[in-house]
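Colleague: Chain by chain, the residues:
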Amino acid sequence: MDQINFWIGMIATVAFAVTGVLAISDRGVDLFGVLVLGVITAIGGGTIRDMILDVPAFWSISQIYIWVALGACVLTFVAESFFTQPQIYRTMLYIDGLGAALFGIQGADKVWNLGFGLPVAPVILGVVTAIGGGLIRDVLAGRKTLLMSHELYAIPVTIGCTLYVLALNYLPQYTLEASVVCMLAIFGLRVAAIHWDLRVPKLFITNKR
Amino acid sequence: MDQINFWIGMIATVAFAVTGVLAISDRGVDLFGVLVLGVITAIGGGTIRDMILDVPAFWSISQIYIWVALGACVLTFVAESFFTQPQIYRTMLYIDGLGAALFGIQGADKVWNLGFGLPVAPVILGVVTAIGGGLIRDVLAGRKTLLMSHELYAIPVTIGCTLYVLALNYLPQYTLEASVVCMLAIFGLRVAAIHWDLRVPKLFITNKR
Amino acid sequence: MDQINFWIGMIATVAFAVTGVLAISDRGVDLFGVLVLGVITAIGGGTIRDMILDVPAFWSISQIYIWVALGACVLTFVAESFFTQPQIYRTMLYIDGLGAALFGIQGADKVWNLGFGLPVAPVILGVVTAIGGGLIRDVLAGRKTLLMSHELYAIPVTIGCTLYVLALNYLPQYTLEASVVCMLAIFGLRVAAIHWDLRVPKLFITNKR
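Chain order of the listed sequences is Y, V and W.
Just so you know, our numbering puts 108 at position 108 of the first sequence, and the rest follows in order with no gaps.
Just so you know, our numbering puts 157 at position 157 of the second sequence, and the rest follows in order with no gaps.
Just so you know, our numbering puts 62 at position 62 of the third sequence, and the rest follows in order with no gaps.
Bear in mind the hints are in silico, worked out from the structure with no lab data behind them.
Keep in mind it's a predicted model, so treat the numbers as computed, not measured.
Warning: the hint list may mix true and false statements.
Repeated chains share a single entry, so a pair holds when one copy, or any two copies, can fit it.
Here are the computed lysine to any residue pairs in the SDA-like style, where the Cα-Cα straight-line distance is at most 25 Å [claimed, not checked]:
id : residue 1 : residue 2
1  : Lys144    : Ile205
2  : Lys202    : Leu70
3  : Lys208    : Ser149
4  : Lys208    : Gly142
5  : Lys110    : Ile159
6  : Lys202    : Phe82
7  : Lys202    : Ser149
8  : Lys144    : Lys208
9  : Lys202    : Ala192
10 : Lys110    : Ile66
11 : Lys144    : Ala23
One chain only, chain Y, in its complex shape (with noise of 0.2 Å):
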């Protein structure tokens, strides 16, 4: 299982340093910022979340999350043109939300463990590794950030930490099952979401004025 969760671990990390990197490239950065701006994309969000928890950050423990984001962006910067092809660029975006799942389900399975903050933290802070690298990219590099976009991304992550702490408070004994059936539930919504490009319905957002 550990072994499961570190490769899917591995994937989601290239996924997010990839579609980080795709994210701001066409405002012309340069390689340094590149590498800063996909690493933080990638393990941004768990960094918040292991300072709020004061916790050592988990790539000073598992730095092979740093060399392979580091790699990924590398890979990114130079073969730019294939990874923005529409077909590669949607595959990207599909391992990007399974990443979003992953990392969502992780990070509020870490936060339960350590007791902190229960029930609450556990959910927020779940969202915060799935969503905060990406936050980060976007204030650093000028763009209007996810909480701006009406995008079905966050909203996903939230129902499945949401659903995950009700699973571990109320069938302690199906835990690795409701991960994940969790992670899934994720990570359909996202597929759902790019597939039929689902927004959120105007019902649920203010009015411009």
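Fit chains V and W to the given chain Y structure using the hints.
Modeller: Chains V and W in isolation, oriented as in the chain Y frame:
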């Protein structure tokens, strides 16, 4: 006294969440963004303070702050047209000023009692407690931050926190009285600034080139 | 040696505060904003580093950094027209480069001595120490950040910190010499970049679409 503090804290949390949401609602934000940005406005400053202090985030211990902020955000979303009435909005601004006064002095007090970086840190982190959440909200929402606005908001908080730290140092027997006086000083200055639309005089502003 | 480090640190703090204020003063910032953004420029990077390291913020122990930064901000505000003279401004840029060199190597050294996330974290957090404060300032002031600018600023720091970590690892008997050499390398590259207005070559920049 703790009871009074608790209730003012609750009122302040509601006011910060409501004014936090209203500050961004004219940009067409979805309900998820409203919840995240409203809650960040209410608890973000205290969270940065606690991260710098290396103590657990206050809301991981008293989760009521999160629930109250979430409730206030939903209420503001649903009843947006109520809160944007000029008279109601102005009232919320006054309560927000009371919140800034309380959060600032409470923040300075927490830092002082931990003996952290005396005497400078209590003032700095008191101000961070009061304005940090709003700064993060504005950055994530792509708005101009308070620091660029010439508003008399952070300055009253800084004056109040400085006076409070001076009182803690030179008049330790009047801690309680000092906290009340300093809160009232912040609140009074803020009320005056709102009422007469006072801003930082030109003399204290750098030349726009 | 500690004495020399201390004095270079003070000079660097002054330079960071002065250039930090000058970077935003053309936007019409009030004195409070000048103080906050100038101090953040000077101590922000080290603060993020210490938060990630889970150690008390360096300025909570040596408050002199805050006082010196505040003094430099007030001075810059009052004597803005002096500092914006081309010749003086250029001199400040050189001193700022010296500051970046010192803060970067000092930061990497602190992380190394704590044995935190070796060998990657000392490089990453050395760079964060040198550029983090400027990034926060730019985000709060609504400016384009360094990461989007193609300036040769962070790259020299990264090279210097990497060389320093290599030296700490492979030539532990020459720690002192290595720190001086690496600081001079950063400073020299930065001086060259300012003097000849060097920027990241187009080859290393993504295509603007």
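Colleague: Confirm or reject each hint.
Modeller: Verification of the supplied hints:
no., hint, result
1, Lys144 with Ile205, "both (16 Å within a copy, 22 Å between copies)"
2, Lys202 with Leu70, "between (39 Å within a copy, 21 Å between copies)"
3, Lys208 with Ser149, "both (13 Å within a copy, 22 Å between copies)"
4, Lys208 with Gly142, "both (21 Å within a copy, 15 Å between copies)"
5, Lys110 with Ile159, "within (17 Å within a copy, 35 Å between copies)"
6, Lys202 with Phe82, "between (35 Å within a copy, 19 Å between copies)"
7, Lys202 with Ser149, "within (12 Å within a copy, 31 Å between copies)"
8, Lys144 with Lys208, "both (16 Å within a copy, 17 Å between copies)"
9, Lys202 with Ala192, "within (18 Å within a copy, 39 Å between copies)"
10, Lys110 with Ile66, "both (19 Å within a copy, 20 Å between copies)"
11, Lys144 with Ala23, "both (11 Å within a copy, 16 Å between copies)"
Checked against the numbered hints above, the structure breaks none of them.
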